[in-house]
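As they're listed, the protein sequences go chains A and B. Residues 1 to 100 (the UniProt record's numbering) make up the first sequence, in order. Residues 1 to 569 (the UniProt record's numbering) make up the second sequence, in order.
Quick caveat, the hints were computed from the structure, so don't treat them as lab data. One thing to keep in mind: the hints can contain errors.
What the hints assert, rightly or not - Straight line, CA to CA, 30 Å or less: simulated DSS-like cross-link-like pairs of lysine-lysine:
1. A:Lys27 to B:Lys153
2. B:Lys47 to B:Lys30
3. B:Lys47 to A:Lys27
4. B:Lys47 to A:Lys88
5. B:Lys466 to B:Lys363
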Amino acid sequence: MVESFFNKKSGCLTIRIEGRFDYSCHKTFKEAFMNTVGVTSCDVDLSRVTYLDSSALGMLLLLRDYTGGDKANIRLIHANDAAIDILKIANFHRLFVITE
Amino acid sequence: MEQVLTILIADDNPSDRILLKAILSQLGHKVVVAIDGQDAIDKFDPKAIQLVCLDIKMPLKNGWETASEIQQIAGDVFVPIVFLSGISDPIALSKCLRIGGIDFISKPYSPALITAKLNAIVKLLVMQKTLEEQRDAMSLYNEQLLHDQEVAKVVYENITHSNCLEDPALSTIHYGTHTFNGDVILAAYKPNGGMHLLLGDFTGHGLSAAIGALPLADIFFDWTKKGFLMRQIIPEINARLKGILPANMFCSAVFIDVKVNNNSIEVWNGGLPDLLFFSESSEQPMRFASKNLPLGVLSPEAFECQIDPMNFAPGDRLMAFSDGVYEALGLSGEMFCHSVLNPLYRGEIEADKATDWLVEQLKNEGVLENPHDDISCLNIRLDTNIGIDSLERDVPKRHHEAPANFSFEYVLYADSLRNTDPLPYVLQILTTVPGLSSFSSQIFMILSELYSNALEHGVLQLDSAKKNSSEGFSQYYDERERRLSNLVDGYVKISIKVTSDNNQRVLVLYVEDSGSGFDYQKVNYDISNTELLYNRGLALLDQLCSKLEFSKGGSAVTAHYHWQVGLTN
């Protein structure tokens, strides 16, 4: 399940994923950032993610690409051990700020 | 669908029969009449009749019996049955519906009611017909799709399997969740012996995942054959995938270079689980963790290549697997990486049985019956003869062997030594010589040995004795990188001369470096002496060339290579 919240003042879009972060989230995840105007930074809250697969990594890359590529300002927050393990194998700490 | 139906009515009472026929005909429908149940069955043709009206009480066969026989004849075709009845017993009427009738018309007939019911039946038939058409179109489409996939699969497999996976040093497992597999395993012999291997896992599954494997395999095989190095091929694959794949697709991969001239491997891991290196000298397998982003994520400018070198002894093994293994869910509900794979990581499984063991675990834990991801595993038994025998298997090409004589000189100074690998280009020119292309593997081997000696021992002054221990080995490569990036002065000169005399052809390779040379009198040319790792290269060259001579105090070497036209090895 994907929920999003946009803080107009700070320009920060928070996207929270609950349960399995995989292809089934594709549509709602994409809508969350494509339908919001004026995003300057983005927090992806992974605290309730139980599993994440390579299509989830792909969605994160899509978000990064859409919000400016190398200039994108994206944090992956509250990542648990399972998520960190997978993000680390993919070396995503070089593309995103990851916090526990 | 036209609104005119052909209707079969069966009633043993002549006056009821004639009345109903009159009403239906007046509505514009065609009517076929039968005088009892058996007559109705005889006159029923599922291709012509769209609606059947049966009186319940008839001699010989009653309406219910007739109905079930008609339904049998109709088979897959939907022909609605309406019962005609003078009785109003609810049990009898409900039996009509239970055995497959769609409605009943009670006697005496009311033309208004019959008209209304027929309109409803026409609507039902139109809907049924539309559904059938859609079903047929869908199954035709599905058939076509499957056929297309089969054709595409053949092309796909020809491209991704044109490799040397059947080499006895390799064992693999490969299970896909779809017709197409998003995992690829590629293996190719290098022209100078040894092998390149790649295990890749594209985002997602099925066709969309498999499509990226085509350019990947294309570059992998083509560039390996041309003699390019792993650190040149990987950035090229990355750039190509970045250019063609959508932003959310990439390829997690490991690339392995098996180098037989100095008993070593180089491993590049971008996004796959740790590779395991099983060696006699340690109880637990060593791990090669992912140090790179997957292929197709970074732009060519931002791409870096973090490669781990390691030397091996014959019999050591290297194992790599895809996410499908690492993240497989066992019966306990835990991922393999935290449960089932632990004995493997702890070194409790013998390396040569590791692949079989893994298949067994995947079976026992029910993963193979219901895989959530494509599953691949690659196990290599490392040895010094990998890809060496293949050199002799090269199929000779029959050119018209016209004589050739030319020479050229290629001198690389510090910046070019750092940034270029001259060998594929030199080889490309040499293989234009008619007849020489069939010896390209041997020539490439000689060239690469001479060039790396000149660069590493001549220009960079590295001591190859260091490579004898495994710590020394990685130190050697770190030191090589360091000295190469700090290099200011120095050169390697490659001179090539090809001459023809009747049927005799001679290739002279001269390689000179800016180093201080070495004591070439002490070189041991005995190839069976495996004690001295670093001399094996020269001993091999001595066997391949008709003459090998040093000059300038060891800082220059000339290799003579002879061949006769009309002959191939």
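Comparing the hints with the structure gives:
1. A:Lys27 to B:Lys153: holds, 29 Å
2. B:Lys47 to B:Lys30: Holds: Lys47 (chain B) and Lys30 (chain B) sit about 14 Å apart, inside 30 Å.
3. B:Lys47 to A:Lys27: violated, 47 Å
4. B:Lys47 to A:Lys88: Violated: Lys47 (chain B) and Lys88 (chain A) sit about 66 Å apart, past 30 Å.
5. B:Lys466 to B:Lys363: violated, 46 Å
Hint violations for this structure: numbers 3, 4 and 5, all remaining hints satisfied.
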